[in-house]
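A.B. asks: Single-letter residue listing:
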Amino acid sequence: MSDHGDDAVTRTREKAQQQAAARGRAQGLEVGWTVFSYLLAGMAAYGGIGWLIGRAVHVPLLFPLGMLVGLGISIGYIIHRFGRQQAVERAPGPRKEITGDR
Amino acid sequence: MTGDVGVLASNGCHIFNGCGFPAPGLQNFEWKPIFSIGSFHFTKPMLLAILAALVVIVFFWAAFRKPQLVPRGVQNLGELAILAVRDQILRPSLGRRGDSYLPFLVSLFFFIYVMNVFELIPILQFPVPSRIGFVWPLVFIVYFLYLYLGFKNQGIWGYFKSMIPPGVPAPIYVILVPVELLRFFVFQPFTLGVRLFGNMFAGHLLLTIFTVATWYLLSLSVGLLYAAGSFALAIFVFLLETLVTLLQAFIFTTLTATYIASSVEPVH
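Protein chains in written order, with our numbering: chain F, 1 to 102; chain C, 103 to 370.
Read the hints as simulated data drawn from the structure, not as lab findings. Hints may contain errors.
The list that follows gives simulated cross-link-like pairs (lysine-lysine, DSBU-like), each with its CA atoms no further than 35 Å apart [to be verified]:
#1 Lys-134/C to Lys-146/C
#2 Lys-168/C to Lys-15/F
#3 Lys-254/C to Lys-15/F
Every beta carbon over 10 Å from chain C, so not counted as near; a handful from chain F, in silico [as the list claims (entries may be wrong)]:
#4 Gly-5
#5 Asp-6
#6 Asp-7
#7 Ala-8
#8 Thr-10
#9 Arg-13
#10 Ile-53
#11 Arg-55
#12 Ala-56
#13 His-58
#14 Leu-61
#15 Phe-63
#16 Ile-79
#17 Gly-83
No residue lacks a Cβ here, since even glycine has one placed at the ideal position from N, Cα and C.
Taking the hints into account, I'd like the entire structure generated from these sequences.
C.D. replies: Structure follows, in structure tokens:
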């Protein structure tokens with residue numbers, strides 16, 4: 001292959017690597033901030049539900065308890081959703097197209 | 103604005119002068135109106151936001167008013183800027199099908215970047231997004247855009263259904279609904295806005311603290327040593343902020359692109 005051909009192959013390979021790196025950055029950002037949003041949302045959602053029930057039955061402890069339950073649900077879901085995604089990405093054999101999560 | 107370097111300089115407030123450290127704080131983010139019309143007060147951040155918009159408009163207008171097949175001068179820079187956003191932000195999330203969103207993402211990225219970078223330019227020296235009121239409109243534009251695109255492309259029910267990926271057992275589904283709804287409708291836009299605001303707010307505060315401290319500690323005593331340390335930190339924070347201003351514009355735009363991507367096409 002001529003030098004010109006080698007250059008073209010190298011350029012194409014570099015461009016593909018850059019594109020893969022950019023995709024990885026975008027996915028990483030998305031997953032990172034999604035995880036953070038889940039942690040907040042879990043605490044807020046079940047903290048809110050706990051607060052409402054606690055207000056109705058006059059048990060204020062249900063508010064922090066709800067927050068903890070929400071945090072637990074969020075962490076469990078994060079592990080289920082993103083842990084599985086990483087496991088699929090690392091699995092041997094033909095790679096599946098992983099488009100990441102929301 | 104009170105408590106700034108100018109006020110310090112005029113007061114000659116230094117360490118060992120019997121003058122306490124005039125710590126910068128929220129007062130550094132409040133501005134006296136440049137002019138007022140009734141109850142509307144036009145302040146410096148508003149002026150800077152308009153200036154940022156003008157910088158972006160004029161730059162791209164100058165670059166592409168007479169586009170040449172072989173780019174020269176400003177057109178070179180303009181193409182470089184657009185290609186950077188396309189290849190580093192748009193294509194990784196949306197692929198080629200998302201090229202129609204390029205003008206929106208380019209405008210968003212450069213508008214935010216120019217507003218951020220005003221923090222580092224003497225005289226201007228204020229990052230507009232450190233006032234959260236300037237961030238929410240941008241967040242709402244993005245929020246309503248991806249909601250609209252989601253409902254349009256996937257239908258109302260389909261869009262709601264796509265929030266929880268398939269494969270989740272039915273009882274877990276019920277448990278996740280409040281978390282997902284709150285995350286999607288409240289915390290996703292909230293974190294998008296607060297991250298930009300928080301970073302620019304903290305950066306400006308740090309820069310102000312070390313600059314004011316350098317002036318305050320400056321005296322013909324051991325204070326000179328402290329002042330040198332504070333000055334070095336001010337330079338360090340300045341360099342860090344050159345990165346943060348770019349990074350925050352990049353993160354905001356990249357997340358916008360990923361939100362649009364998930365609205366245009368359901369994720370499995």
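A.B. asks: The output says Asp-6/F does not contact chain C. Does that hold with a beta carbon cutoff of 10 Å?
C.D. replies: 23 Å, holds
A.B. asks: Decide, holds or violated, for the assertion that all CB atoms of chain C are farther than 10 Å from the CB of Gly-5/F.
C.D. replies: 24 Å, holds
A.B. asks: Run the C-beta distances from Phe-63/F to all of chain C and say if the shortest one exceeds 10 Å.
C.D. replies: 15 Å, holds
A.B. asks: When you check the alpha-carbon spacing of Lys-168/C and Lys-15/F, does it fall within 35 Å?
C.D. replies: 29 Å, holds
A.B. asks: When you look at the beta carbon of Asp-7/F, is every beta carbon of chain C farther off than 10 Å?
C.D. replies: 20 Å, holds
A.B. asks: For a C-alpha distance cap of 35 Å, please report whether Lys-134/C and Lys-146/C respect it.
C.D. replies: It holds: about 8 Å lies between the C-alpha atoms, which stays within 35 Å.
A.B. asks: Would the least Cβ to Cβ distance between Thr-10/F and chain C come out above 10 Å?
C.D. replies: 18 Å, holds
A.B. asks: Quick one, are Lys-254/C and Lys-15/F close enough, alpha carbons at most 35 Å?
C.D. replies: Holds, because 34 Å separates the two Cα atoms, which is no more than 35 Å.
A.B. asks: Over 10 Å to the closest beta carbon of chain C is the bar; see if His-58/F clears it.
C.D. replies: It holds; His-58/F is separated from chain C by about 23 Å at its closest Cβ, greater than 10 Å.
A.B. asks: Beyond 10 Å on every Cβ pair: is that true for Arg-55/F relative to chain C?
C.D. replies: 17 Å, holds
A.B. asks: May I ask you to check that Ile-53/F keeps its beta-carbon over 10 Å from the closest beta-carbon of chain C?
C.D. replies: At about 13 Å from chain C, Ile-53/F clears the 10 Å cut-off, so the statement holds.
A.B. asks: Does the claim that Gly-83/F lies outside the interface with chain C hold up, using a Cβ gap greater than 10 Å?
C.D. replies: Nearest chain C Cβ is 13 Å from Gly-83/F, so the label holds.
In the structure shown, no violation is registered for any of the earlier numbered hints.
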